[in-house]
Amino acid sequence: MAHGKQGIVITSAGVPDETGKVRTGTKEMVITAVAKMTLKSNAFEFIDFHGGGDDLARLFEARGDASRKIPDYYIRGSITQMDDNSVRTSKGAGISLPFLDFGVSKDESFDLISMDMSIGEAATRKILPVTSTSNTMVMVKGGKAGEGGGKLGKIGLSFNLDLSRSEGLGATTRALLELSLIETLGKFTQVPYWRCLDTDVTNPLIRDQARESYDMLHDKDRILFVQRKLGGSMNRYKGPVDGVINADLKQAVGEYQAEVGLVANGQINFDLYASLIDDTQNSLAALPAIQPTLPPGVSSAVSAPPPAAVPPPYVPPGASVPAANAFRVNLDSEKGGRPTYRVGEFLNMNLSLSSDGTAYCYYEDNARNTARIFPNQFQSNPTLKGNSGVRLPSGGFKIRFDQPGREKVACIGADRELVVPKTLVGIRDLTPLPVKSVDEVVNQFRQINPSAIVSQIDITVNR
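Residues in the sequence shown are numbered consecutively from 1, following our numbering.
Since the hints were derived computationally from the structure, they do not count as laboratory data. Warning: the hint list may mix true and false statements.
[Said to hold, decoys possible] DSS-like mimics (lysine-lysine), calculated; alpha carbons at most 30 Å apart, straight line:
id: 1; residue 1: LYS106; residue 2: LYS126
id: 2; residue 1: LYS144; residue 2: LYS27
id: 3; residue 1: LYS144; residue 2: LYS91
id: 4; residue 1: LYS335; residue 2: LYS385
id: 5; residue 1: LYS21; residue 2: LYS144
id: 6; residue 1: LYS40; residue 2: LYS27
id: 7; residue 1: LYS21; residue 2: LYS106
Please take these sequences and the hints and turn them into a complete structure.
Shown next, in the form of structure tokens:
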């Protein structure tokens with residue numbers, strides 16, 4: 001909807017199973033998924049037709065019927081791979097005595113299911129290579145079993161117990177199909193679909209796919225893309241949108257590159273393309289470039305604020321940001337503003353910003369070791385959309401409380417790019433920082449980012 005995509009007429013005969021092992025109604029899954037992703041934007045109009053007797057060719061025979069819409073494109077795909085027990089592990093142990101036998105075992109196996117999908121032009125049946133996707137999901141099956149037997153006098157006794165679990169094939173197929181549709185239709189409409197998958201363009205796989213899209217564009221299309229992006233809501237380029245490089249465009253590109261940390265050479269390249277397809281990055285770049293005066297030894301390409309600018313007040317734990325501040329950092333937990341956890345429980349908090357901006361979050365344990373928990377190796381982009389929350393910790397790790405005491409989480413945010421203190425740059429997430437407490441981290445940020453807003457929560461951990 002944000003990119004103005006609407007009224008694209010598509011159809012599909014469903015996603016058949018070429019392996020003969022998956023019996024699910026994939027066509028209805030396709031219709032439901034497309035309906036969900038186009039509910040507000042009206043990006044796609046889905047034309048129903050039945051495979052076999054009512055082929056696409058028949059639809060085009062009805063071209064003269066003004067009451068009947070003809071699809072412009074069609075979704076083609078199939079379940080191309082279904083490997084049972086691709087990996088299987090089994091462990092067991094037992095004991096045997098004259099009067100007692102006992103044994104236990106554990107089995108685990110993994111099935112693989114793959115789906116290929118692409119978009120084709122309905123009139124020519126030409127497949128659009130840039131839309132082709134291939135995704136694989138893993139299904140886990142496992143079980144635990146125990147059995148035993150014994151003899152009491154002349155009477156024999158035996159018992160067994162079997163606990164098994166298996167992830168559903170139908171649910172896995174639906175998830176795989178929805179993932180494939182998000183990726184395929186996202187590539188087709190050239191929108192940042194990876195935002196729907198809780199990742200960003202810094203992800204190596206997403207970056208490779210963005211590179212493919214960039215390489216397949218003609219020079220004129222690349223220029224048009226940049227002109228539309230810089231000339232839209234960002235209002236950085238005011239020249240003609242004609243696919244031709246001009247002096248105004250070079251200047252606008254150079255200014256944008258300097259703003260987001262790219263080499264400011266005014267040239268259209270892949271790094272510029274990758275940055276411009278990130279909507280959050282675009283929103284930040286469109287904001288006024290107001291940055292603080294930096295202390296000696298810290299360099300920045302941005303300008304300093306007016307002398308009269310007064311830093312916003314520090315927000316103490318549990319307190320709300322004054323209403324005068326348009327930008328807010330909201331850090332909360334499911335247990336309130338002063339949460340109490342027990343040893344063995346996991347940290348679970350939510351971070352959101354009132355408008356587009358950047359945020360950095362740090363965790364201090366009861367030994368006063370402080371480490372960065374956001375951004376991290378799983379979510380490397382510190383930029384967030386306004387009113388869209390992120391869970392802390394997020395990604396592929398958890399924080400489990402193992403000792404009683406007092407701990408803290410602090411998030412520093414701003415409606416622009418934050419300058420990270422020099423002493424905190426280059427240190428991996430979850431690695432202790434060279435500071436005495438999280439308060440020292442907050443102070444270092446505020447010294448070089450007077451526009452920063454801080455939200456902090458004190459945690460109590462009991463046995």
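Status of each hint after checking the structure:
1. LYS106 to LYS126: violated (50 Å)
2. LYS144 to LYS27: With a Cα-Cα distance of about 37 Å, the restraint between LYS144 and LYS27 is violated, given a limit of 30 Å.
3. LYS144 to LYS91: holds (10 Å)
4. LYS335 to LYS385: holds (25 Å)
5. LYS21 to LYS144: It holds: about 26 Å lies between the C-alpha atoms, which stays within 30 Å.
6. LYS40 to LYS27: Holds: LYS40 and LYS27 sit about 22 Å apart, inside 30 Å.
7. LYS21 to LYS106: holds (26 Å)
In summary, the structure is inconsistent with hints 1 and 2 from the numbered list given earlier, while agreeing with the others.
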